[in-house]
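K.L.:
Go by the hints and put chains U and D onto chain S.
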Amino acid sequence: MFDINYTFHWNQAFRALPQMLDGALITLQIAVLSMIIGIVLGVALAVAKEARLAPLRWFAVTWIEVARNTPALFQVYMIYFGIPAVLQLVAGAFGINFRAMGINIFYLDSYWAVLVGIAFNNAGYLAETFRGGLRAVPPTQTRAARSLGFGAFAAFRLIVLPQMFRAVFHPMTNQMVWAILMTSIGIFVGLNTDLTGVTQELNARTFRTFEFFALAAAIYYVIAKIVTGGARLIAWRLFRY
Amino acid sequence: MLGTSVTWGDITFMMTGAGLTLAITFWAMLGGTLAGVVFGLIRAQSPWYVNYSMGTVLDVLRSVPLLIQFILFNSFQSILGWGMNPFVVGCVVLAAYTSAFCTEIVRGGILAVPITTRRAARSLGMNYWQDMTYIVLPLGTRVMLPSWIGLTLGVMKDTALVYAIGVIELLRSSQIIITRKPHEALVILAIAGLIYFLVSFPVSRLGAHLEKKWREND
Amino acid sequence: MKLPVMLGAAAMTLSLAATPVFADKLDDIIASGVLRCAVTLDFPPMGSRDDNNNPIGFDVDTCNDLAAALGVDAEIVETPFPDRIPALVSGRADVGVASTSDTLERAKTIGFTIPYFAFTNVVLTREDTGIGSYEELAGKNLGSVAGVYEAIALEEDFNAWDAGGSFRTFQSQADVFLALNQGQIDATVVTGTVAAATVESGNFDGFVIAGDAPYLADYVSVIALREEYGLLNYLNLFVHQQYRTGRYHELFEKWVGGGATPPSLMVPGTYY
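In the order they appear, the protein sequences are chains S, U and D. Residues 1 to 241 (the UniProt record's numbering) make up the first sequence, in order. Residues 1 to 218 (the UniProt record's numbering) make up the second sequence, in order. Residues 1 to 272 (the UniProt record's numbering) make up the third sequence, in order.
Next comes chain S alone, as it looks inside the complex (with noise of 0.2 Å):
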């Protein structure tokens, strides 16, 4: 059962740490930044969902239930795939051809792919994750805010969202763990930058799957580790009372 018949080459995978930990700065990097808008449109999507406007709370019921019914695989596939195919079906209704024009206007950068889907994704979870925070916060303090004179938009940024930003803290960093490993489906659509893409290319040119992909797992938990510890003591500095 144990009757291993290969040698491990560990030294050709330490070898290429420094290519892998550059293709991890671009991981996070591409997990920030789909956080940051996540959390905004989230936001966005959670007001919109209890709207009075009907095409509004349509919108953003769609976007919710299709971000948090099909695999993330699907939404950046689609997104890298499908979406020029669809904007290229539109054009071509309206007779314009972009294409004999010389004009690429469905260029879409695996980079920017992975992104926007990852961020699709972070809003639709993170919408649901609000409103349950919104939730979390009495509407008597809105009233309490309004009679102290404050403006709607105004008492909802100042006394609402940090108290539901508070309560839904932790969700918020387990999304963006979620978004560090998310990444990883990149190499789907071409990405190979980030720390699986760069990966991916060692074991495709050295055929040495497990020493790369180990290395590779290590680095991606202490990434893990390292955003959850952090969160931890943005918490306690942020939220003690």
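Hint data in this document are derived by calculation from the structure and do not stem from the laboratory. Built from N, CA and C at the ideal position, the CB exists for glycine as well. Be a bit skeptical, because a hint or two may be false.
Claimed, not checked - Which bits of chain U does chain S cover? Going by a derived footprint, with three or more residues having C-beta under 8 Å, they are:
id, region
1, 67-73
2, 151-158
3, 181-189
4, 195-204
P.N.:
Then chains U and D, alone, in the frame of chain S:
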């Protein structure tokens, strides 16, 4: 079909892929839940050193991308010469991954039952297993089931990643068809997305419904 | 007990005990009656699927020939490019007939036969990009399959040009074509036979071949485990005989055809 060149043969091919997606989900959930219940029980009531070391191992599974776990385990079992087929590899890795989350759900469910309630049960003369079966299980389930349903849906979506080790599940089968009919990429992807959605959405509604209903009775 | 009987018994025990120890992969294949070939099926005309999604192609036929030579049944194990080695090492497949470039880097891990095919690389682009030659790729958005021969060569040149644009790698040839089709990349460098088959298939509107890429010929080999000398020996002879008997040219005509000459597997003025 649908005024496109996508044939019924292609749809059947995709449905076969969808069947595989569901099969992997089933085995992963079965294995993951059984292991998760055992680990959860252990974690909820063992001394800290057991709890911590177990927590760390399970935490690794939650902190490394699933995609990398698939590739890594696949190559690991290759090296050991186990010769598992990709489907089995997919099920095993996903089950281990599921167990890490399920453990937390079970632990949370057990800890959610007030200790006073359990003491009362024990003082009424119930033994440990009676306490577990008649007190903790019914009360804990209310907390656990909605999360468990959420986990099932998460796992079903995660099966898309077995693509990487060559299992022809729903997304991979769609991709194979797109290879031959690239101009239909959008239609094929849309069909794949719709299949995921049609399976996932009703179940997620059910979960939300149960959560709401049970919360009202609290 | 008489001596001949004892000797006979000893010989018997020895042979029974010895068989499993000395049986190598080649024996295993013949004994099991099935040859499992790892083949990549998104790489037409080498490997692809027909309208019923069944495996077909040059590699599939080569595998069938090999199985026939061994007197066993062939079984195609579909492996995306990155999965070829795990499939072999884990014993899910016995040999890989999957257009594997025989790089020295890879030979540290896996055993290669003599080449069974050779590719020349060409530039594949869309009509609307106006790209006419390899030199015009500088500054464009390019893509290829992760880690393959032409990807490594293209990336080197891309970095040397340093003229902007992007270089992306995908997990399968199909994704590269799709990205090119959708405008995510402007051009790719791909093996000539694959480019010709793809253009001819008519699946992708506006794909054109824009000249050769100035790379050395990309020789691809059948692969097996590094330590399976018996099998590798057999495979070497098999590949050689495919060439010698003209079967290689026959298969080339069947899958590539179009008046093209089959690439010579001989390196002029030298030996392999």
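K.L.:
So which of the earlier hints does this model not fit?
P.N.:
none
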